[in-house]
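Asker: Please model the complete structure; the sequences and the hints are all you need to start from.
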Amino acid sequence: MKPGSSLFIDFEMKFKYEIEGGNFSKAGNASSAVKKILKQLNVPPSIIKKLVVALYEGEVNVVAHAWNGCIRVDIETDRIFVSIEDEGPGIPDIAQAMQEGFSTASQAVREMGFGAGMGLPNMKKNADVLDIRSDVGKGTVVEITTFLKKQE
Amino acid sequence: MRISELQAVLEGNVVCGEQFLTKEVRWGFASDLMSDVLTLDTDQLVLITGLNNLQTIRTAEMADIECVVFVRNKKVLPPMIAIAKEHEMVLIECRFSLFGAVTRLHEAGLKPVY
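Going down the list, the protein sequences come from chains A and B.
In terms of my numbering, the first sequence opens at residue 1 and continues consecutively.
In terms of my numbering, the second sequence opens at residue 153 and continues consecutively.
No wet-lab data here; the hints were simulated from the structure.
Among the hints, erroneous ones may be present.
To be verified - Pairs of lysine-lysine, DSBU-like flavour, derived with a Cα cap of 30 Å:
#, chain 1, residue 1, chain 2, residue 2
1, A, Lys138, A, Lys50
2, A, Lys50, B, Lys175
3, B, Lys263, A, Lys124
4, A, Lys16, A, Lys124
5, A, Lys138, B, Lys226
6, A, Lys39, A, Lys138
7, A, Lys26, B, Lys263
8, A, Lys14, B, Lys227
9, A, Lys36, A, Lys49
10, B, Lys226, B, Lys175
11, A, Lys36, B, Lys237
Answerer: The structure is reproduced here in structure tokens:
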């Protein structure tokens, strides 16, 4: 397919990745794998960047805050849908967590270059649709939708 | 400027990506906070940082950053090199402080993102 072609996917693909809470040496492995697949599918670089930045922020959040998690990626003809589901402490106040600068991150997370309360706002900026549901004491589900074609 | 010029200005040590030193870079961003780096949408960007861990390289990978400069004599670790090579990044170590490196790069023509 020629670079810059507008239609690049005519089938659906599903991928699943496990995430280990607290293991920063593996944080980003899933996002990296997804980026590689999207490049192979000839998805435009600007769309790939937005999606993987949002996904990577979400993956780091699971590593930083949760006990374990799972990323599911559905690549469809007109959109990429990502679900990041974790078992963890949950988010008591999602509106507060969405505010830039609000953070409950540990010192260890901050030493990794994260935990400044930028993750969720940056995910919102890079996702076409962002949906967050959380159950305190059980876990959180973050869903990212990125459209591959302009919406009418 | 070419990455080779950047290396000369910083008297830097190229840890990996020697074959990409002819690539052009225009913009510089200095930060130890990777969350800030991930907010950028700039091509031909050099990241200048003192944070030498795997997440620095992963952040550069996600943000399509092709050159990372490590200041304050911070040493690049072997797992970082493995990922950087896979993604054709240039990693450079230099002895200057963050401020010292940025000053030199700005004088040499590198522009701030904002």
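Asker: Against each hint, give a clear statement of whether it holds in the structure.
Answerer: Verification of the supplied hints:
1. A:Lys138 - A:Lys50: Holds, at roughly 29 Å.
2. A:Lys50 - B:Lys175: Holds, at roughly 24 Å.
3. B:Lys263 - A:Lys124: Status holds; Cα separation ~28 Å.
4. A:Lys16 - A:Lys124: 22 Å, holds
5. A:Lys138 - B:Lys226: With Cα atoms ~40 Å apart, A:Lys138 and B:Lys226 exceed 30 Å; violated.
6. A:Lys39 - A:Lys138: Between A:Lys39 and A:Lys138 the Cα gap is close to 35 Å, so the pair fails against 30 Å, i.e. violated.
7. A:Lys26 - B:Lys263: 33 Å, violated
8. A:Lys14 - B:Lys227: 39 Å, violated
9. A:Lys36 - A:Lys49: Satisfied, since the Cα-Cα distance of roughly 11 Å is no more than 30 Å.
10. B:Lys226 - B:Lys175: 24 Å, holds
11. A:Lys36 - B:Lys237: 15 Å, holds
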